[in-house]
Amino acid sequence: MNNRHIQLINVSKKFQNNIVVNDVSFEIADNEFFVLLGPSGCGKSTTLRMIAGLEEVSSGKIISNNLNITEEDPKDRNMAFVFQNYALYPHMDVKKNLSYSLKLRKTDQNIINQKIEWVASLLKIKELLNRKPSQLSGGQRQRVALGRSLVREPNAFLLDEPLSNLDAQLRVEMRQELILLQKNLSKTFIYVTHDQVEAMTMASRICIMNNGKVLQIGKPQEVYDNPNSIFVAKFLANPVNNILKSKIASRNGDLHIESLNLTIKNSDLNHLSEVFFSIRPENLNLTSSDQSHTFEVKIAQIENHGHELLISANLDVNKEIIYFRATKERTFSIGEKIKLNFDIKDLLFFDTITERIIK
Amino acid sequence: MLILSIVILAPIVLAIITSFYEYTLINRSFENFIGLKNYFASISNEKFIHSSIVTIFFVLLVVLFEFLIGFLIAILLNQVEKFRNIYYFILLIPLLINPVVVGLIWRMFLHPQLGILNYLISLIGIDPVNWLGDPQNAFITIIFVDIWHQVSFMIILLLAGLASIPEEPYEAARVDGANAFEQFRDITLPYMRPVIIITLLIRLIFALKTYDLIYIMTKGGPGDATDIISYYIYRSAFIGLDLGQAASMSVILLLVVCIIIYPLFKYMNRADE
Numbered sequence: 001m002n003n004r005h006i007q008l009i010n011v012s013k014k015f016q017n018n019i020v021v022n023d024v025s026f027e028i029a030d031n032e033f034f035v036l037l038g039p040s041g042c043g044k045s046t047t048l049r050m051i052a053g054l055e056e057v058s059s060g061k062i063i064s065n066n067l068n069i070t071e072e073d074p075k076d077r078n079m080a081f082v083f084q085n086y087a088l089y090p091h092m093d094v095k096k097n098l099s100y101s102l103k104l105r106k107t108d109q110n111i112i113n114q115k116i117e118w119v120a121s122l123l124k125i126k127e128l129l130n131r132k133p134s135q136l137s138g139g140q141r142q143r144v145a146l147g148r149s150l151v152r153e154p155n156a157f158l159l160d161e162p163l164s165n166l167d168a169q170l171r172v173e174m175r176q177e178l179i180l181l182q183k184n185l186s187k188t189f190i191y192v193t194h195d196q197v198e199a200m201t202m203a204s205r206i207c208i209m210n211n212g213k214v215l216q217i218g219k220p221q222e223v224y225d226n227p228n229s230i231f232v233a234k235f236l237a238n239p240v241n242n243i244l245k246s247k248i249a250s251r252n253g254d255l256h257i258e259s260l261n262l263t264i265k266n267s268d269l270n271h272l273s274e275v276f277f278s279i280r281p282e283n284l285n286l287t288s289s290d291q292s293h294t295f296e297v298k299i300a301q302i303e304n305h306g307h308e309l310l311i312s313a314n315l316d317v318n319k320e321i322i323y324f325r326a327t328k329e330r331t332f333s334i335g336e337k338i339k340l341n342f343d344i345k346d347l348l349f350f351d352t353i354t355e356r357i358i359k
Numbered sequence: 360m361l362i363l364s365i366v367i368l369a370p371i372v373l374a375i376i377t378s379f380y381e382y383t384l385i386n387r388s389f390e391n392f393i394g395l396k397n398y399f400a401s402i403s404n405e406k407f408i409h410s411s412i413v414t415i416f417f418v419l420l421v422v423l424f425e426f427l428i429g430f431l432i433a434i435l436l437n438q439v440e441k442f443r444n445i446y447y448f449i450l451l452i453p454l455l456i457n458p459v460v461v462g463l464i465w466r467m468f469l470h471p472q473l474g475i476l477n478y479l480i481s482l483i484g485i486d487p488v489n490w491l492g493d494p495q496n497a498f499i500t501i502i503f504v505d506i507w508h509q510v511s512f513m514i515i516l517l518l519a520g521l522a523s524i525p526e527e528p529y530e531a532a533r534v535d536g537a538n539a540f541e542q543f544r545d546i547t548l549p550y551m552r553p554v555i556i557i558t559l560l561i562r563l564i565f566a567l568k569t570y571d572l573i574y575i576m577t578k579g580g581p582g583d584a585t586d587i588i589s590y591y592i593y594r595s596a597f598i599g600l601d602l603g604q605a606a607s608m609s610v611i612l613l614l615v616v617c618i619i620i621y622p623l624f625k626y627m628n629r630a631d632e
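Residue numbers (this note's numbering), protein chains in the order written: chain C, 1 to 359; chain F, 360 to 632.
It should be emphasised that the hints constitute simulated quantities derived from the structure, not laboratory data.
Take the hints with a grain of salt, since some may be wrong.
Said to hold, decoys possible - Partial pick of chain F residues on the chain C-facing surface, computed with a CB cut under 10 Å:
#1 Ala522
#2 Glu526
#3 Arg533
#4 Gly536
#5 Glu541
#6 Phe543
#7 Asp545
#8 Ile546
#9 Arg552
#10 Asp571
Stated by the list, open to error - Cβ pair distances, simulated, as ranges:
#11 F/Ala522 x C/Leu104: 23 to 29 Å
#12 C/Asp93 x F/Glu526: 40 to 46 Å
#13 F/Ile485 x C/Leu104: 46 to 52 Å
#14 C/Arg131 x F/Asn538: 23 to 29 Å
These numbers come from a predicted model, not from an experiment.
Beta carbons are placed, not taken as given, at the ideal position from N, Cα and C, and that holds for glycine.
Go ahead and model the full structure; you've got the sequences and the hints to work with.
So, in structure tokens, the structure goes:
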């Protein structure tokens, strides 16, 4: 065993003249919970399908266990795939759905029974074994689909938005179960989702994609704290991130951010006249004093999220909207003028043209 | 409802009534009630039995081959992505042609001296064949022409069924390790079962009633080689003039069709639930 379990090298996929996946490379270590995250149509599912062998690779290589599997049949890759719509065999009962792959491999019936027993108790679907998929709820189907991938004991599990068809409550439960499952099985999971909460909570590493390209790969907190581009900063946000454009001016080595009407000491951004900056809503704090990095806003709208408030406010200078979070202990009213303050390390600058971070 | 019963029910009832009388076109009266005598006469009539056997062979062969050929072509067409509508249109053409016209076209094609088919096979050195004049040939030829005419029906229905099967179960099966045959057996066939059953039954019923093709091409001949049941009934009624007898045979045919329809009906009702 080495820790370069699955590797994509310059993998691209074209549909006619459409480049869906563009020069994607990454390595996934053994037992990693690797999440491909991006908006719909970003190429994440296609990437997963190429790893599974369901989609041909237009160019590039896929390596697994030091073997080039780019041209291999799906069945020879020893990977299991869990589909978004579960893709159960509708005419087979749960038991047959689970055992189908083993039957095809001419596995001994006793071993099949043992494995089904194991999977059924692991996923708590014992009482469903004789039902048809049409008699199951969404959550139950999801379990059976997972079970079908489990019985084969594959090297890697590929999951294509497996929770997106479940309701919110169930999704949280299944999230927990999947995390546990991955820990217990100690197997590589590659998980595709457009839900940044799923990515943040489950992943050991996140790979963010957009327009067929990999934008950033890293541990969830790393990527969250240090997005390398505006897209990542925006996408990894629950529910929003503040990305604002502002003119900047350099004054004796200090930086003046016009839209916030505040000055930052000792900045080296003096060569630019305009930037995007981001500061997350949870990093803005209410303040009454006039300490440094403080600016004034006027409250525009208050969203009550139950456990906290999400407040949008207009900047004093150009009336642009900025969001911040607040506890419910203090009451706010629309039109009220308040002061917000932040820590300088939470303020990030992005280039207006490349939209990449400015170090 | 009233119109429906007049138009559809009345002739059937009349036929059933007629079948219990000695009613001929020479003596058109409901005077001699003879009970089931017409029926006994029918089922002991060698010609009726013969035409029943011819019909059974005809129906089974026609439906079997149309299904096999139709399914094969449908599977091939299902993989075609470009110009699918053009294929559909071409396939529909034979179905749109009136059976009488089909019969006439093929009678011309198959003419022993003047037909294009004998000309074509003469080009590769095969002696002319008397397609419709020889009893054995005629039966096979009729089956062939019926397949030509009706196979599109199978193709189109089966193709519609195939096109409605989602892609994911196939992908799941590929990951599970199923080869092309196993995918066909374990996914295509189960998904297609309702379509197959309904297509087969409908075709079976229509094949049982085949009449026009025979009338145009062979008139049941040569001898009685292609004397299938609906044509024999026609002959009994309008050439033999024994309407009562013919009516009893129609009722028997109707009963057979009903027995075949019954599972179709049950199946469709179940699908509704």
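For each hint, the structure was consulted:
1. Ala522: Where the cut-off is 10 Å and the nearest Cβ of chain C is about 17 Å from F/Ala522, the hint is violated.
2. Glu526: Result: holds, 9 Å to nearest chain C Cβ.
3. Arg533: holds (5 Å)
4. Gly536: holds (4 Å)
5. Glu541: holds (6 Å)
6. Phe543: violated (13 Å)
7. Asp545: holds (7 Å)
8. Ile546: holds (7 Å)
9. Arg552: holds (8 Å)
10. Asp571: Violated: closest Cβ of chain C sits about 39 Å from F/Asp571, beyond 10 Å.
11. F/Ala522 x C/Leu104: 23 to 29 Å: Check passed, 26 Å falls within 23 to 29 Å.
12. C/Asp93 x F/Glu526: 40 to 46 Å: For F/Glu526 against C/Asp93, whose Cβ atoms are near 22 Å apart, the range 40 to 46 Å is violated.
13. F/Ile485 x C/Leu104: 46 to 52 Å: The hinted range 46 to 52 Å holds for F/Ile485 and C/Leu104, with Cβ atoms some 48 Å apart.
14. C/Arg131 x F/Asn538: 23 to 29 Å: About 28 Å separates the Cβ atoms of C/Arg131 and F/Asn538, which means 23 to 29 Å holds.
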